[in-house]
Amino acid sequence: INHIVHNGGLYKRPFNEAFEETPMLVAVLTYVGYGVLTLFGYLRDFMRHWKIEKCQNATEREEQKDFVPLYQDFENFYNRNLYMRIRDSWNRPICSVPGAKVDMMERVSHDYNWTFTYTGRVIKDIINMGSYNYLGFAQNTGACQEAAAKVLSQYGAGVCSTRQEMGNLDKHEELEKLVARFLGVESAMAYGMGFATNSMNIPALVGKGCLILSDELNHASLVLGARLSGATIRIFKHNNMQSLEKLLKDAIVHGQPRTRRPWKKILILVEGIYSMEGSIVRLPEVIALKKKYKSYLYLDEAHSIGALGPSGRGVVEYFGLNPEDVDVMMGTFTKSFGAAGGYIGGKKELIDYLRTYSHSAVYATSMSPPVVEQIITSIKCIMGEDGTTIGEARVQQLAENTRYFRRRLKEMGFIIYGNEDSPVVPLMLYMPAKIGAFGREMLKRNIGVVVVGFPATPIIESRARFCLSAAHTKEMLDTALKEINEVGDLLQLKYSRRRLVPLLDRPFDETTYEETED
Amino acid sequence: MDVKSTKNFVFWLFCQFELITCSYLMEPWEKVLFYSFNTCMVGTLFYTTYVCVAAHVSTALQLLWNFLGNQQENAVSVVK
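Each protein sequence line maps, in turn, to chains Y and W.
For what it's worth, UniProt numbering labels the leading residue of the first sequence as 1, then goes sequentially.
For what it's worth, UniProt numbering labels the leading residue of the second sequence as 1, then goes sequentially.
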């Protein structure tokens with residue numbers, strides 16, 4: 001299932017991505033489940049309205065009951081009646097470093113998840129399959145921690161200023177030079193928060209009269225940045241290059257909607273790894289299209305930096321491409337480096353412009369020095385400049401863990417979305433009761449997983465998302481797989497019909513309804 | 001021990017029903033309401049089947065026998 005032939009030899013390695021279709025029976029039963037819950041939701045709302053039952057959610061005050069209702073929309077209905085029933089799978093408080101194993105405080109609820117009380121017991125050594133700890137740098141021992149502690153005693157924790165005023169430390173300059181060297185770009189700039197990097201810098205790069213072509217499943221930070229910029233936004237189907245090419249052709253041929261003037265800039269927004277699907281962007285094709293139609297590319301490598309590529313340098317290295325082809329390389333330090341913050345890398349002129357015009361540089365507090373030191377030490381470790389081979393070993397361990405885990409889960413018969421090489425593994429659950437049941441059963445067996453439901457995913461495609469780590473040993477993965485197998489049998493989650501469905505690669509036209517053909 | 005495994009299997013089937021119809025997530029009084037509604041529906045279905053469908057099926061079978069019987073008579077007369 002590789003598409004080297006169709007794409008003119010752009011791919012140097014096979015690209016194995018699969019999104020198995022929802023079985024019809026499962027879809028029907030999921031709707032049945034949601035239907036029953038909706039009916040009971042209406043019943044409960046009726047009882048709350050007529051004071052038969054105590055109302056524990058937020059409502060308007062008595063004086064405001066005649067105003068336009070605040071809590072009548074679908075989001076609030078879903079929140080009160082569906083989310084509340086399974087709320088104990090989220091916001092679980094942990095009380096240790098989120099490494100491969102984590103400690104969690106036990107909670108019980110006596111009124112069906114409206115309030116929680118702590119029993120006081122701490123559940124120890126839960127296998128952590130939910131933290132974005134791809135290279136295992138979330139540690140409280142080791143070289144990174146010692147360096148960060150030293151810098152903390154030297155610089156303190158707070159910076160008390162923005163980058164432009166008095167917050168530009170020598171540590172920040174060192175970090176930026178190191179990040180630029182790591183990525184293979186001319187210059188880079190670091191910010192305190194990954195979400196803010198996207199939402200505050202896209203408005204600085206594009207404005208009115210520009211066109212943004214954004215993937216269907218882009219992250220909220222990219223969507224927010226695009227909307228704040230005021231540019232026209234057009235969406236192309238997820239990872240679908242025919243759809244993107246059609247939009248580019250239309251943009252060049254027709255220009256701006258009313259005046260038909262050419263667009264000032266065309267910016268393509270894609271992500272390296274999409275965290276809800278586990279899919280990897282088709283970067284060689286995107287770069288070929290970008291060069292053909294003379295547009296700019298903004299690549300958000302939040303999940304792929306450190307996790308892909310033979311030496312951990314991200315999706316550009318994974319495909320063997322030139323980093324100079326990507327105009328704006330953005331990423332975060334939260335996932336693979338065990339710190340917090342984001343960066344943008346690119347040409348020197350671009351970064352100098354952003355240093356002056358980015359909202360984040362002008363208004364946001366600069367990064368805290370121990371965090372900066374953690375990033376510096378972890379990047380040096382990955383590059384091998386600290387004299388050890390720990391970084392290289394971790395990158396390889398992550399790749400091995402990914403392949404092993406995905407292969408075993410597919411063999412067991414679960415529906416797994418995404419690319420073979422992505423460390424984000426979504427396992428489809430579909431039915432709302434199974435979301436809550438899966439989270440609780442896995443916690444009973446001492447494994448912590450993240451389950452995702454409606455607003456983050458389409459309503460019938462709820463899933464459990466596993467994030468693999470280089471810190472997971474094979475024994476931990478085997479234990480986790482054994483428990484997942486048990487829970488899968490108990491809850492009947494093995495939906496896969498084991499048909500290898502090839503991805504659609506014929507030209508996209510309006511009569512194409514299905515992404516895959518049977 | 002076959003009784004035990006059958007009981008476990010039935011319990012597992014009931015758990016699957018609970019998960020699919022989301023009665024796993026309901027509070028006890030909601031479960032009582034839901035199951036009693038379901039039982040009433042199923043009971044009405046069985047009653048209707050017993051009263052009406054049996055009568056219809058027997059009428060249909062009678063018609064069929066008559067049709068086949070006539071066929072036999074006609075065939076016999078032709079042969080004669």
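The set of hints was computed from the structure by calculation and includes no laboratory data.
From a predicted model like this one, the values you see are computed outputs, not experimental measurements.
Just so it is clear, CB atoms sit at the ideal spot from N, CA and C, and this is done for glycine as well.
Please note that a few of the clues may not be correct.
What the hints assert, rightly or not - Covered stretches of chain W (chain Y as the covering partner; in silico rule of three or more C-beta atoms under 8 Å from a C-beta of chain Y):
1. 23-36
2. 40-48
Claimed, not checked - If you want a taste of the chain Y side facing chain W, the calculated C-beta under 10 Å gives, among others:
3. 29
4. 36
5. 43
6. 166
7. 167
8. 432
9. 433
10. 482
Results of checking the hints against the structure:
1. 23-36: Coverage by chain Y holds here, the residue count being 7 at a Cβ distance below 8 Å.
2. 40-48: As far as the region 40-48 of chain W goes, the hint is violated, because 0 residues have Cβ atoms under 8 Å from chain Y.
3. 29: 5 Å, holds
4. 36: Constraint on residue 36 of chain Y satisfied, holds at 5 Å.
5. 43: 8 Å, holds
6. 166: 54 Å, violated
7. 167: 49 Å, violated
8. 432: 6 Å, holds
9. 433: For residue 433 of chain Y, the interface hint holds, since the closest Cβ of chain W sits about 4 Å away, which is under 10 Å.
10. 482: 19 Å, violated
The structure fails to meet hints 2, 6, 7 and 10 from the earlier list, while all remaining hints are met.
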